[in-house]
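Asks: The lines below spell out each chain.
4 protein chains.
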Amino acid sequence: MVGYKFMGKAHSHAYKDVGMFFDLEAPVVMKAICGRDEQGVKEAADKFGWESYETDWKKLVARDDIDFIDINAPSDAHKEIALAAIAAGKHVFCEKPLALNLADAREMLDAAEKAGVKHAICFNYRFLPAVQLAKQIIESGKLGEIHHYRATYLQDWLVDPESPLAWRLKKEVAGSGTHGDLNAHSIDLARFLIGEFDRVVGHSRTFVKQRPIPSSTSGLSGKGTSEMGEVTVDDATGFLADFKNGAMGVFIATRFAAGRKNHNTFEIHGSKGTLRWDLERLNELEVYFREDEPELAGFRTILATDPSHKYAGNWWPAGHIIGYEHGFVHIVYEFLQHMANGSPFAPTFLDGVRCQEVLEAVDLSIERGKWVGIEEV
Amino acid sequence: MVGYKFMGKAHSHAYKDVGMFFDLEAPVVMKAICGRDEQGVKEAADKFGWESYETDWKKLVARDDIDFIDINAPSDAHKEIALAAIAAGKHVFCEKPLALNLADAREMLDAAEKAGVKHAICFNYRFLPAVQLAKQIIESGKLGEIHHYRATYLQDWLVDPESPLAWRLKKEVAGSGTHGDLNAHSIDLARFLIGEFDRVVGHSRTFVKQRPIPSSTSGLSGKGTSEMGEVTVDDATGFLADFKNGAMGVFIATRFAAGRKNHNTFEIHGSKGTLRWDLERLNELEVYFREDEPELAGFRTILATDPSHKYAGNWWPAGHIIGYEHGFVHIVYEFLQHMANGSPFAPTFLDGVRCQEVLEAVDLSIERGKWVGIEEV
Amino acid sequence: MVGYKFMGKAHSHAYKDVGMFFDLEAPVVMKAICGRDEQGVKEAADKFGWESYETDWKKLVARDDIDFIDINAPSDAHKEIALAAIAAGKHVFCEKPLALNLADAREMLDAAEKAGVKHAICFNYRFLPAVQLAKQIIESGKLGEIHHYRATYLQDWLVDPESPLAWRLKKEVAGSGTHGDLNAHSIDLARFLIGEFDRVVGHSRTFVKQRPIPSSTSGLSGKGTSEMGEVTVDDATGFLADFKNGAMGVFIATRFAAGRKNHNTFEIHGSKGTLRWDLERLNELEVYFREDEPELAGFRTILATDPSHKYAGNWWPAGHIIGYEHGFVHIVYEFLQHMANGSPFAPTFLDGVRCQEVLEAVDLSIERGKWVGIEEV
Amino acid sequence: MVGYKFMGKAHSHAYKDVGMFFDLEAPVVMKAICGRDEQGVKEAADKFGWESYETDWKKLVARDDIDFIDINAPSDAHKEIALAAIAAGKHVFCEKPLALNLADAREMLDAAEKAGVKHAICFNYRFLPAVQLAKQIIESGKLGEIHHYRATYLQDWLVDPESPLAWRLKKEVAGSGTHGDLNAHSIDLARFLIGEFDRVVGHSRTFVKQRPIPSSTSGLSGKGTSEMGEVTVDDATGFLADFKNGAMGVFIATRFAAGRKNHNTFEIHGSKGTLRWDLERLNELEVYFREDEPELAGFRTILATDPSHKYAGNWWPAGHIIGYEHGFVHIVYEFLQHMANGSPFAPTFLDGVRCQEVLEAVDLSIERGKWVGIEEV
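Residue numbers (full-length UniProt numbering), protein chains in the order written: chain D, 1 to 377; chain G, 1 to 377; chain Y, 1 to 377; chain X, 1 to 377.
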């Protein structure tokens, strides 16, 4: 694994716990974690339970005792590491966004396909039981023809103008801002649930254009210094979408929504019913079915912790909720099985590319002030 | 009053009840109600408590014992009646939309201003206690600078393809469909709460293009005949907006949102907090303040039934909620006072015109496939 | 009508509006309102729309042009007025509690039955659409055998120790405190929904034993004087109940529940499902059905504003909610029809007596420190 | 560790993860797990990450390489194992209930105190961030004097009469039924949050008196056989309580509440505010403060995932919720620190005894049909 910060912790936890709750075809061995700062990565290796550590990802990629590489380094490093890992015949599991831009993302997909290695992109929210239930309801036809899709991904950690200039706010490192970080998740969920985008039109803002440069690389927490730096990504991006199936979509992502800590939501209206989901109450799915008798129809709040809900039975009895990190355990479980026995798996690098196409079409629409077809990027 | 159906009932109720709960400068006398169908209007006059009735609105307008005219006939009749009433020196209270198009709306505004009569448009939702509270919070500066405005107005009575072709679905009578009916309310609330629109871009759909022609004029209820007619208005319209103050906006109105019966909502993010409101729980306002201590900050659900909430003290003790029709009582109260003693009043025909401008800019943006400035219409 | 304060206003409004929204067998004529303070009752008569007023209820009862008497004077006056009205052959509609104690209540019931007049007690919450839906679901068998009933009636207007000593806090006028005022409603709803009580055991508190004597008789609002008076009723009373059908019950009423303004709730668990209701969101009923497929079962929030919901169709289209006072319109409608054409009606004085029995059994259980059977009082 | 079923899994997970998210004074080494069925315990050891396994707890207790024993075997085995472990000088962490009855619980407490070993009882819900926040708010005085405490612990897995006769339904193994299993948690939370009980009165039911005997020992899931056995514990128990500080309490626990999967809730009213919590949304705490301005006061939904919330900062950024099992990680963390460096720790066996006293006082009150003081048991 390359990277040992927020995502490094989430992924490490997944590898550590997956075997306890799921029956794996092949066991996980947590061979090595890699990071540039030796002290930091050594501590992470100890704490997270890795057998060894490296400070140069090239050494990691070169090791014979490693079958697959998990990349959760900053976004600007994804491509180089992934290509090297693929070249070394390793399977690759990459954090989103796949790359800093569409061209790079496509290059990574091509490389992986040609090399025949297994590849995955970490769109972890697909793997929550309530989201799986949403998918199953739509696929069963119970929602009918889809008319509307609305998504929000709202956070509030940038609304404070004193919040420091983290690496996520530098375009050259992060590739994109709120749009690439948060809308990427919303776009992937929309594709997963109702299908491909046709065209988009958007707008965006950088509300706070200069921020204090942080004293350390820690990013999100802690105070900044008195020196100011330029924010080179968006604070918020919204867009309208037409889907290939005729549905209308609305997406908004922002880090300026006071009180919304991690408000990743979707609401989907079909000819037979409605679904609503919110990451802050990730165990719940709200569902309305028109086929219910009129006097008894209402939004159902389904607590997706029943043994009948996918993955839920691997954890605790009904009503004992799970948390954010469980999505990582589930995606890791599915990808491990995929590598071990070839069971079907998505999302792959292809989904990373498709997501990047939509992101860039939105950017282009903002430049042009008009609708842009996905095939135009 | 002209019109005696859904809105006629809501308005009549307001005139009947307003004096019981509010102290009026001048008493209301419910002189006459007018409708084309004599049997229908006679029954309505009896049931709603009007002293007399007319079947020709021209006679109503000509009566000397009447000081002001309330117009809630279908939208295509608004202009002619209003102009005649204004010409006769009556004050005018008109249902939205003001007219079938912007040119007509502007003509009505001009006529009213030149004649010096009092004029009002029935954007009733401004007058609910929770919405008044939202306004007061924003004006006090407690929300800070506004960054985001999101509105939905969702209903579901058209999702059934057998739902008949009501007059609201014919462009020549209604002027517009979901957009003009529902987005009009959302646009007015946005203007009321955070100010003027700068530019917009939208998309729309007519999901069901043919519907059964109804056997009667009753519209919403009852079965249609076997004959089919063309739906000439939109079923759903969504749009992005930039506001003059720099805020980003998203609006979506549809009658295809299964389970959302009257889901008129807004969510507003400012630099100091967030507001959220939903017509289906119209007594409640959700508020988040960043200035609360971090460990105690959370969305507050304020039940706007306290004597400190505008209008609430005129009704019942705290916790005894009010309903949809109370907004009409409040707007009628304010307009009656305005006519009696010149107290400030909005929304007037000017607000009707401003709303129409945004509606038409959205339509134009749909035609052109790109952003349209409000000043372009 | 006798009384013109809070309840006088609510009842007057009901008589005024009922004919507008409901088809009555016989029209309502609002003949006369009665109160001791001439200035006050005169103003009320004007404002509420009564033809005349009286300052002596004996004169009111003696009038030949009056067929029925609505009693919403303070509780200590109920019995005398009701007996006189019954003696005069008037139908009687009485606010709860029926009387200050069980013996008086039984006397009133006997008198009404012997005289053959129609009688009603104003348990208005039975007549809200969501409560009617709850009743209908239980009667249809969809909830199965009832196992649990839990009720709360929580307010917070006494939690402030400076809140003055209103008449409701004097045992000699009010008969009882929170228990008689709030638990009375909860007991009636329980009887209405699941049947008769078998035995009870309770506890109660008067948290604030002395309060400022109010300068006027206005009671709830306004500051008190510096003189203090004794609170002679309970601030809070809770009790366990066994029902005759075997269900277990829990009831708690208090005016010391900060933030709960009018939190009249019930939750009922049956062998096939669960119901939950809350007066602060009175249009909604939450329902869970075990017969739903396990992966799709969840609490449904039914918005009881559909034409299929009792009374809802008389008001507005689906999703346009109603308020607190509508319950009075509905009960008045049913009682007017009952008087006009003998259609079935409950709750009558019998329900007032049954409710009083439970209230007094709870009081007795508190005295004795043990369970008391209802038949013991 | 003794036991490897539901609780065994939850505890094992806690030991496995605690070092990854918390800085421990002394590392955890998962030495051995113990269970009677060799095949089962061997698999559990592998899956959960224990170094070795035992099939006889006496051998476990005798091992020199083990410093502390975690007991999560069925309740009837707690006492014997705990006494042996204490005798061997091991620290002991015991699942609730401490023992089958109060006398045994007191004996265990005495033994532990005399031996000077560290002891803990697994009341895990104390250790959730939102519950910690509740505690902190009460201790800070922000809630004022406590007037009311209401708790429910509702589940629904027994409402199906075909649900088999699990060991939890046999008094001789489980000691108690719903009362001992669920009310035990509610009693502990009440003691933790507002203090000691003074007296109680209750009632209980066994709604389904016979159930199918399960074919295996698995308990909760799976079909039973056609043979029926007697249910010897309660399905539901409710009780009123008076607290030593004068507060009134209501508690109800049942496994017959359709749709309530794990509805462990409390609502606390103080003279300055209200708190409400629900295990099914365990990351949230609802709070109302009377000191807020009247027009802005409302129930706040605090998402207790901020770094300022206890334990939350050890996991993920704000808004990334945690689940049921995290409470075990936290209690294990605190007890490990307590053993390593003597930092303060509760709940100990003393809390187990206190809880048992209340449970038995309720049982006694049911027998006697009247209030029972805690000191009477």
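Calculated from the structure, these hints are not laboratory results.
Predicted model, so just to flag it, every value in this text is computed and none were measured.
Wrong hints could be hidden among the right ones.
To give a feel for the contact side, a few chain D residues facing chain G, derived at Cβ under 7 Å [to be verified]:
{"hint": "1", "residue": "R63"}
{"hint": "2", "residue": "V250"}
{"hint": "3", "residue": "I252"}
{"hint": "4", "residue": "W371"}
Quick list of in silico lysine-lysine cross-link-like pairs, BS3-like style, CA-CA up to 30 Å [said to hold, decoys possible]:
{"hint": "5", "chain 1": "Y", "residue 1": "K16", "chain 2": "G", "residue 2": "K310"}
{"hint": "6", "chain 1": "D", "residue 1": "K272", "chain 2": "G", "residue 2": "K209"}
{"hint": "7", "chain 1": "D", "residue 1": "K370", "chain 2": "G", "residue 2": "K370"}
{"hint": "8", "chain 1": "X", "residue 1": "K114", "chain 2": "D", "residue 2": "K16"}
{"hint": "9", "chain 1": "X", "residue 1": "K170", "chain 2": "D", "residue 2": "K16"}
{"hint": "10", "chain 1": "G", "residue 1": "K261", "chain 2": "D", "residue 2": "K261"}
{"hint": "11", "chain 1": "Y", "residue 1": "K142", "chain 2": "G", "residue 2": "K16"}
{"hint": "12", "chain 1": "D", "residue 1": "K5", "chain 2": "D", "residue 2": "K118"}
{"hint": "13", "chain 1": "G", "residue 1": "K310", "chain 2": "Y", "residue 2": "K42"}
{"hint": "14", "chain 1": "G", "residue 1": "K16", "chain 2": "Y", "residue 2": "K42"}
Here a beta-carbon is modelled for each residue, glycine too, at the ideal position from N, C-alpha and C.
Asks: Does each hint hold? Answer for all of them.
Replies: So, going through the hints one by one against the coordinates:
Given the 7 Å rule on beta carbons, the hint for D:R63 is violated: about 44 Å separates it from the nearest Cβ of chain G. Because the beta carbon of D:V250 sits about 6 Å from the nearest beta carbon in chain G, less than 7 Å, this interface hint is met. Restraint check, D:I252 versus chain G: the minimum CB separation of about 6 Å is within 7 Å; hint holds. For D:W371, the shortest C-beta to C-beta distance to chain G is roughly 5 Å, which falls under 7 Å, so the interface hint holds.
About 24 Å separates the Cα atoms of Y:K16 and G:K310, which keeps this hinted pair within 30 Å; it holds. For the proposed pair D:K272 and G:K209, the alpha carbon gap of about 18 Å is at most 30 Å, so the pair holds. In summary, the hint linking D:K370 to G:K370 is supported, as the alpha carbons are separated by about 4 Å, within the 30 Å threshold. At roughly 40 Å between alpha-carbon atoms, X:K114 and D:K16 are farther apart than 30 Å, so this suggested pair is violated.
The suggested pairing of X:K170 with D:K16 is violated, with an alpha-carbon distance near 37 Å, which exceeds 30 Å. This hinted pair checks out: G:K261 and D:K261 have alpha carbons roughly 28 Å apart, not beyond 30 Å. Only pairs whose Cα atoms come within 30 Å are accepted, and Y:K142 paired with G:K16 is rejected, the gap being roughly 41 Å. With a CA separation close to 25 Å, the supplied pair D:K5 and D:K118 stays within the 30 Å bound.
Our distance criterion of 30 Å between C-alpha atoms is met by G:K310 and Y:K42, whose separation comes to about 27 Å. For the proposed pair G:K16 and Y:K42, the alpha carbon gap of about 19 Å is at most 30 Å, so the pair holds.
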